[in-house]
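Please work from the sequences and hints to get the whole structure.
If you're matching them up, the sequences are chains C, F and S in order.
If you use our numbering, the first sequence corresponds to residues 3 to 273, in order.
If you use our numbering, the second sequence corresponds to residues 386 to 664, in order.
If you use our numbering, the third sequence corresponds to residues 32 to 292, in order.
Derived by calculation from the structure, the hints in this document are not laboratory data.
Note that the Cβ used here is the ideal one computed from N, Cα and C, for glycine as well.
There could be a bad hint or two in this list.
[Said to hold, decoys possible] Label-pair ranges, simulated between beta-carbon atoms:
{"hint": "1", "chain 1": "C", "residue 1": "Phe-174", "chain 2": "S", "residue 2": "Ile-270", "range": "40 to 46 Å"}
{"hint": "2", "chain 1": "S", "residue 1": "Leu-203", "chain 2": "C", "residue 2": "Phe-174", "range": "47 to 53 Å"}
{"hint": "3", "chain 1": "C", "residue 1": "Gln-136", "chain 2": "S", "residue 2": "Leu-203", "range": "23 to 29 Å"}
{"hint": "4", "chain 1": "S", "residue 1": "Ala-274", "chain 2": "F", "residue 2": "Glu-462", "range": "49 to 55 Å"}
{"hint": "5", "chain 1": "S", "residue 1": "Glu-88", "chain 2": "C", "residue 2": "Gly-65", "range": "46 to 52 Å"}
Chain by chain, the residues:
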Amino acid sequence: MTTVATAPERRRRRLSGSTAALGILGLFTIGALLEVLPRIGVLNRRFFPPSSEILTTLIEQLGEGAFWTAVSDTLRGWAIGLTIAMVLGIAVGVIIGSVPFLRDVTSSTIEFLRPIPSVALIPLVVLLYGTKLQSALILIVYAAFWQVLVQVLYGVADVDPVVRDTARSYRFSRWTQLRQVVWPTALPYVMTGFRLAAAVALILQVTAELVIGVPGLGRNLGVAQSSGAVSLTYALVVAVGIIGIAINLFARALERRILNWHPSVRRDVAR
Amino acid sequence: MAGAGTPRRGSDDATPALDVRGLRKTYTGHGQDVEAVRNLTFTIRSGELVCIVGPSGAGKTTLLRCISGLLSVTGGEVILDGQKVTGPPPGMAVVFQEYGRSLFPWLTVRQNVELPLKEKGLKKAERAEKVATALEAVGLTDSADAHPWQLSGGMQQRVAIARAVAYEPSVLLMDEPFAAVDAQTRADLEDLVRDLWHRFKVTVLFVTHDIDEAVYLGERVLVLSHRPTVILEDVDIDLPDERSQLETRSTPRFAELRHHVYELIQAAKQGFRPENEPV
Amino acid sequence: MRLTSIGRQLLMTIALPVILLALWWVVSADNTSPFWPSLQKILQAFPDTWTSDRVMEDIVPSLARLALGYALALLVGVGLGTVIGLSRPVRAFLEPALEFLRAIPPPVIIPVIALFVGYSGWTSKIIAIALGCLWPILLNTVEGVRGLDEVLVDTARSYRFRRPTYLYQVVLRGSSPQVATGARQALSIGVIMMVISELFAADNGLGAAIVQAQRAFAIPEMWTGIILLGVIGFLLSLIFRLAEWRALAWYRGLRRSERGT
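Printed below as a string of structure tokens:
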């Protein structure tokens, strides 16, 4: 009753060997369960094809040109949308963040616009652009922009006032202040914004494909589902999931790299 | 402040409150064993205030965690009130060094003190009375409805002490409780511990790395060796019962005792071990 | 002095929104593009579009499904997250699998659910919302429970807290800031899922109403729907933040005192 936690449990962030092994074992166990349960009839095979069947379908897909076209469509939309959102978010964020007046005057508007679900714009973009890539881009940029903007604003606000005053007293030019004082402080926040925006951008790219019919994996998924290709549906879900993981790992790796390069922020990373 | 009737020290025939026999703790991990505590034996009689002092790295915290049942022992046994300790026992309360982290930040001071009593199954009226007494004793009656993080470090540790005292444990364990507060606060808190010990007649085991603190507070001081830990000496502190920061610390006897313990600690740092070391 | 500063604050808060609305009004006033009706037209269309019947038929079901799905995700996410977070082997065993499930963009589960129960009806929508909201809540709870302060846990153990007290007073409350972070992320995903799930079936709900208006080329009506969705999204996040502000007052205070020293 009183044993509430193992006593010498210290938090270990780094993956130890046994932890990683357990995780892989976990993936395999779940895979095996999804193989066996449909086969022995616990799960209805019509809806739950055995995992080997899904895997086979996925491997078949890897050999098809159409699959790779869809992957590149999805990734292209994601990358373009994300880039626009990053550029806009950083530019607007640095400008608004550096000028106290702009900060005060825009905060209510930002707080109002930010939670508006970008999917509300779906009917409008359908009218404007139909199934063209622009439809997806508008949804992505609207959703991802706020993630970046808010982080940049936090970052700019985090500049140490003493450092800022020092820079001013030495009469650094505005540009130098920006480059040497504001940007290094804001960079970790920018990278956080990037990581969040990358995930959001993928969600909206896939949504646009699925709901509007913009070319990409999501559209193939919708078609597979409506034509009753069950194991293909699952295979595409797995493919989208793998892309999601890859994007996440990519964003984290980029974050680590950029922040390691930057000596002035190493302190923050170490924390 | 201490009445004549106050038992200065538990009598020899009294049942021991805490009995540690041949305690041993070895950490296992990564293919190599680290022997932290080796064969530790001592007894604390009911009503005593005993300090444990040792060089840094003497495994003081390990020892305390073993005694409090938070850590399982490798060998030997800890007996509290005649019962062998296998997990945290009912008759024990612990005051940790990290006061800021041992109080529940989402509860008020009063709720922090009251919660363990609730868990003990005390009725509401009884709880309220004990909480009020304990908070009054540590001088925090006015801060009862504040949250711990609104208080200074010293006051936070007073809350933790009030919580432990209100719990009415057979043995109160204190793990370097004043290591993280400033010197003046520290002196106040030391006097508070002596005061509470008299007032509530609680048995106290006080772990510290500070020699002056150990000598000033304790009726006995157990000096630990370097790791793997054994007891170097059980020093009897024959200072008068009534102590004051100014008077007691300037008596020749205090200086002698302090000197003696200091030498022991220095020897311990050099790796000195008792000759008839039990293995 | 105080009054003028409050006045200034108020001015700062409403100035830009008023200017933007005025700008919209003026710029759209004599716009001939069919997709951008004038703001005046949109506002005029509002009372006719959102009659009390429509509110009952579309808005209420949408919000009810969102509430049900979200509540389900909170219950399951916090419950499972606590179980997983408390045990190191379970955590190591499940974490990669959970990270994979979290990486799947939530809208993708809607077609999968449709395999079982189709697109229409309440069940598929509630499940879609719940599954979309589940992962951020679950994984943040795991993280929060894992990050519980060891000293606090030791304190609870040494005072022999009973299991339910421990779970509520230490685990749940200790991880609540992290859980709130997950719940906040989940809420915006929940709104997205609410809208999308209705776009597929287009039987009833806010999303369906907007898409029907678009298909019927009732553009001002479509705009009223978009604006309504925006307002709902804003209000939901406002409610969430108020609730969080109240529930985590201790956390703000703690953080402030930590930064102060």
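These are the hints, each one checked on the structure:
1. C:Phe-174 x S:Ile-270: 40 to 46 Å: About 44 Å separates the Cβ atoms of Phe-174 of chain C and Ile-270 of chain S, which means 40 to 46 Å holds.
2. S:Leu-203 x C:Phe-174: 47 to 53 Å: holds, 49 Å
3. C:Gln-136 x S:Leu-203: 23 to 29 Å: Violated: the Cβ-Cβ distance is about 46 Å, outside 23 to 29 Å.
4. S:Ala-274 x F:Glu-462: 49 to 55 Å: Given range 49 to 55 Å: holds, Cβ gap about 51 Å.
5. S:Glu-88 x C:Gly-65: 46 to 52 Å: Roughly 48 Å apart at Cβ, these two residues keep to the hinted range, so it holds.
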